[in-house]
Amino acid sequence: MKRTSIYVEGFTHAGQPVPAATRIGNTVATGGIWGFDIATGRTPPEPDRQCQFMFANLARVLAAAGLSLDDILRLRIYVAPDVDKESLNRRWVDAFPDRNSRPARHVVVNEHLREGALMVCEALAICD
590 MKRTSIYVEG
600 FTHAGQPVPA
610 ATRIGNTVAT
620 GGIWGFDIAT
630 GRTPPEPDRQ
640 CQFMFANLAR
650 VLAAAGLSLD
660 DILRLRIYVA
670 PDVDKESLNR
680 RWVDAFPDRN
690 SRPARHVVVN
700 EHLREGALMV
710 CEALAICD
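Take 590 as the starting number for the sequence shown in the working numbering and just add one per residue.
Simulated from the structure, these hints should not be mistaken for lab results.
Here the structure is a predicted model, which means the values were calculated and not measured.
Every residue, glycine too, gets a C-beta built ideally from N, C-alpha and C.
Calculated lysine to any residue pairs in the SDA-like style (CA-CA distance at most 20 Å, straight line):
no., residue 1, residue 2
1, K674, R688
2, K591, T611
3, K591, A653
4, K591, V607
5, K674, H695
6, K591, I613
7, K674, E700
8, K674, L702
9, K591, G655
10, K674, V698
11, K674, G705
12, K674, A645
13, K591, G614
14, K674, N699
15, K591, P608
16, K674, A693
17, K591, A618
18, K674, D637
19, K591, A654
20, K591, I715
21, K591, L713
22, K591, G620
23, K674, R694
24, K674, V696
25, K674, R663
26, K674, P686
27, K674, A684
28, K674, V697
29, K674, P692
30, K674, F685
Computed beta-carbon distance windows for the label pairs:
no., residue 1, residue 2, range
31, R665, P633, 18 to 24 Å
32, T611, D687, 25 to 31 Å
33, T593, V682, 28 to 34 Å
34, D717, D637, 30 to 36 Å
Whenever a hint applies, use it, and build me the whole structure from the sequences.
Shown next as structure tokens:
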């Protein structure tokens, strides 16, 4: 099986030659996806808005790979030390409303997120 890089218009890794996601066979792994507004290129200061944009950007990256949020097997989320987890949990339920069909999740506190980011996620998704 060959590896395929997935690039998404407007979504870059700070000018690095890094794809938004990579696919091998039926497995897609994303790089770090943060909560910036694709229309403005800015990261809002509010954790709730960052979380909303993070899930929207995740959906865009997965769509470029032919997948959706429903195909996520595991989601790892890195958060700044003082982030209120209630915003994350609220947006989590919005993204995955069926409590019997949610991906595994692991939240890790990280003091070294990119400037302005309060949270960044990475996903592992499987397609049929």
